[in-house]
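K.L.:
Chains as they are written, first to last, in our numbering: chain U, 49 to 143; chain Z, 788 to 1012.
Check the hints yourself; a few may be wrong.
Unchecked claim - No farther apart than 35 Å at their CA atoms in a straight line, the calculated lysine-lysine pairs in the DSBU-like style are these:
#, chain 1, residue 1, chain 2, residue 2
1, Z, 888, U, 56
2, Z, 971, Z, 888
3, Z, 888, U, 113
4, Z, 971, U, 56
5, Z, 908, U, 57
6, Z, 908, U, 113
7, Z, 971, Z, 908
8, U, 108, U, 57
9, U, 56, Z, 908
10, Z, 908, Z, 888
11, U, 57, Z, 971
12, U, 56, U, 113
13, U, 108, U, 56
14, Z, 971, U, 108
15, Z, 908, U, 108
16, U, 57, U, 113
17, U, 57, Z, 888
Said to hold, decoys possible - Pairwise CB distance ranges, derived in the manner of DEER restraints:
#, chain 1, residue 1, chain 2, residue 2, range
18, Z, 935, U, 79, 27 to 37 Å
19, Z, 833, U, 79, 25 to 35 Å
20, U, 131, Z, 889, 36 to 46 Å
21, U, 83, Z, 810, 48 to 58 Å
22, U, 80, Z, 956, 19 to 29 Å
23, Z, 801, U, 91, 41 to 51 Å
24, U, 78, Z, 968, 41 to 51 Å
25, Z, 928, U, 60, 39 to 49 Å
What the hints assert, rightly or not - Now the stretches of chain Z that chain U is said to cover, found in silico as 3 or more residues with beta-carbon under 8 Å:
#, region
26, 813-821
27, 834-845
28, 862-868
29, 876-885
30, 993-1002
Keep in mind the hints are simulated off the structure, nothing from the lab. Here a beta-carbon is modelled for each residue, glycine too, at the ideal position from N, C-alpha and C.
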Amino acid sequence: MSAHIASKKLYITVWASLIVLTVLTAAVSYLELGPFNIVLALVIATSKMLLVALFFMGIKYISDKMTIAVIVAGLFWLFILLALSMTDYASRGWV
Amino acid sequence: MSDSTPAVVEHNPDLRHHFANMEQQTETAVMGMWVFLITEIMFFGGMFAGYVIYRHLYYSAWLEGSQRMDFWWGTINTVVLLCSSLTMALAVRATQLGHRKSTVTLLIITILFGLAFLGIKGIEYWGHIVTEHQFPGPGFRFAGPNTSQVEIFFSFYFAMTGFHALHMIIGVALVSFIAYYAWKGRYGAHYYTPVENTGLYWHFVDIVWIYLYPLFYLISHVHRK
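Please put together the full structure from these sequences, using the hints given.
P.N.:
Have a look at this one:
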C-alpha cells in the first residue's frame, strides 16, 4: 500500500475538483428548493468526501484487505446509527 | 511472508523487532490509524445523529438558525481546509520521494492554512457570541417564535464546530511536531509512517468539515449578507 506514490498532477486535479464542487454547492444553495437544498448539498458533500477519502487518504491504493474491512465496518456502523435512529423518529407520527 | 529460507537483508534501523519487515510494520501502523479514525467517526457520528434527529423535530428553527450563519466565512473556510488537504497530501508525497526541504515547506504551509481556518472560526465565534448573543445559556438572545429551539440549533453549532476546531488545534500541533522531525531528517523514502498517519488524521478532520459546512450553512436558501 505504501509503495504507491500518486502523481502531483492527480492531487492537483482532485483539489481543483473539490474547489469546483465547493463553488457549486455555495451557488446552488441560493436556489429555493425547500427541503431539497440540504439533499443537494449533502450529495455534493458526499462526492467531496469520496474524493478526499479515495485519493488524499489513498483508500483507492490500499492493498491490505484487513484495513479495508476496518473502514467498511466503521462506515456500516455509522449507517446503522443514522438509519435506525431515523426510522424510529420518522415513523413516530404514523401510529 | 517469505516461502524460502529468510534471506539476509540490510537491517532498516526504523524496523521494530516484532515486525517481519517494513511493509508489515507500515500496514500495521496504517491499519491502527484507521481503527483510531473509526473511533473518531463514532465520536462525531453521535453528534451527527443528534443533529439529524433535532433537525427532524425542529425543522423551521433549524432554517432560522442556519440563516444566521456567516455564509461567506464558512465558504472561505471550506476552501482554506481543502487547500490544506492538498498541501498535506503533497507533503506525504514529498516524504515518500525523500525530498526533505519540500516536505518541511509543505507541512509549514499546511500549518498556516490550519491557523487561517482557526482564525476565521474565531471571527465567526466572536460575532455569534459577543455581537449577536447567540451562545446557548442565560444570555441567549434570538427574536422569533422558536427561540428555545433555535437555541438548541446553536448548541449543536457550537458543540460540533467546537469539537472540530479542537481537532484542528490538535492537528496543527501534530503537523508542527512532524515538521520538526522532517526538518531534522527523521523521515524519508525508507520511513514515513508518522507523516502518512498525520496526513490521514488531517484529511479526516477535513471530511468532518465537508459535512459540517452544508449542515450548518446551506440548509436554507436565505443567507445572511
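K.L.:
All the hints need checking, so say for each whether the structure fits it.
P.N.:
Going down the list of hints, with the structure as the test:
This hinted pair checks out: residue 888 of chain Z and residue 56 of chain U have alpha carbons roughly 16 Å apart, not beyond 35 Å. Taking the CA atoms of residue 971 of chain Z and residue 888 of chain Z, the gap is about 10 Å. The hint holds against a cut of 35 Å. A threshold of 35 Å between alpha carbons decides the hint, and for residue 888 of chain Z with residue 113 of chain U the separation of about 34 Å falls inside it, so the pair holds. The straight-line distance between the Cα atoms of residue 971 of chain Z and residue 56 of chain U is roughly 24 Å, inside the 35 Å bound, and the hint therefore holds.
Note on residue 908 of chain Z and residue 57 of chain U: the hinted pairing holds, with a Cα-Cα distance of about 31 Å set against a maximum of 35 Å. The straight-line distance between the Cα atoms of residue 908 of chain Z and residue 113 of chain U is roughly 38 Å, outside the 35 Å bound, and the hint therefore fails. Proposed proximity of residue 971 of chain Z and residue 908 of chain Z is supported: the alpha carbons are some 32 Å apart, at most 35 Å. Annotation: proposed proximity of residue 108 of chain U to residue 57 of chain U holds, straight-line Cα distance about 16 Å (limit 35 Å).
About 30 Å separates the Cα atoms of residue 56 of chain U and residue 908 of chain Z, which keeps this hinted pair within 35 Å; it holds. A hinted pair counts as satisfied when its Cα atoms are at most 35 Å apart, and residue 908 of chain Z with residue 888 of chain Z qualifies at roughly 30 Å. A distance of roughly 28 Å separates the Cα atoms of residue 57 of chain U and residue 971 of chain Z; the hinted pair therefore holds under the 35 Å criterion. Taking the CA atoms of residue 56 of chain U and residue 113 of chain U, the gap is near 26 Å; set against the 35 Å cutoff, the hint holds.
For the proposed pair residue 108 of chain U and residue 56 of chain U, the alpha carbon gap of about 16 Å is at most 35 Å, so the pair holds. Using a Cα cut-off of 35 Å, the hinted pair residue 971 of chain Z and residue 108 of chain U holds, with the two alpha carbons roughly 31 Å apart. Between the alpha carbons of residue 908 of chain Z and residue 108 of chain U the distance comes to roughly 32 Å, so the proposed pair stays at or under 35 Å and holds. Under the criterion of a C-alpha separation no larger than 35 Å, the hint pairing residue 57 of chain U with residue 113 of chain U is consistent with the structure, at around 27 Å.
Proposed proximity of residue 57 of chain U and residue 888 of chain Z is supported: the alpha carbons are some 20 Å apart, at most 35 Å. Separated by about 30 Å at the C-beta atoms, residue 935 of chain Z and residue 79 of chain U satisfy the suggested range of 27 to 37 Å. Between residue 833 of chain Z and residue 79 of chain U, the C-beta spacing of about 32 Å keeps the proposed range 25 to 35 Å intact. Between residue 131 of chain U and residue 889 of chain Z the CB atoms are about 44 Å apart, so this pair conforms to the stated range of 36 to 46 Å.
Evaluation of the 48 to 58 Å hint for residue 83 of chain U and residue 810 of chain Z yields a pass: the beta carbon distance comes to about 49 Å. A beta carbon spacing of about 38 Å between residue 80 of chain U and residue 956 of chain Z contradicts the range 19 to 29 Å that was offered as a hint. Remark: the range hint 41 to 51 Å for residue 801 of chain Z to residue 91 of chain U is upheld by a beta-carbon distance near 43 Å. For residue 78 of chain U and residue 968 of chain Z, the hinted distance range of 41 to 51 Å is satisfied, since their beta carbons lie about 46 Å from each other.
One distance hint, 39 to 49 Å for the beta-carbon pair residue 928 of chain Z and residue 60 of chain U, holds here, with the actual separation near 46 Å. Taking a C-beta to C-beta cut-off of 8 Å, the region 813-821 of chain Z contributes 5 residues in contact with chain U, enough for the three needed, and the coverage statement holds. For the region 834-845 of chain Z, the stated coverage by chain U is satisfied: 6 residues place a CB nearer than 8 Å to a CB of that chain, which reaches the threshold of 3. By the rule of at least three residues with a Cβ nearer than 8 Å to a Cβ of chain U, the coverage given for the region 862-868 of chain Z holds, with 3 such residues.
Counting residues of the region 876-885 of chain Z whose C-beta sits closer than 8 Å to any C-beta of chain U gives 5, which meets the bar of three, so the coverage hint holds. Chain U is given as covering the region 993-1002 of chain Z, and this holds because 7 residues of the stretch bring a CB closer than 8 Å to a CB of that chain, at least three being needed.
Of the hints listed earlier, those the structure fails to meet are numbers 6 and 22, in rising order.
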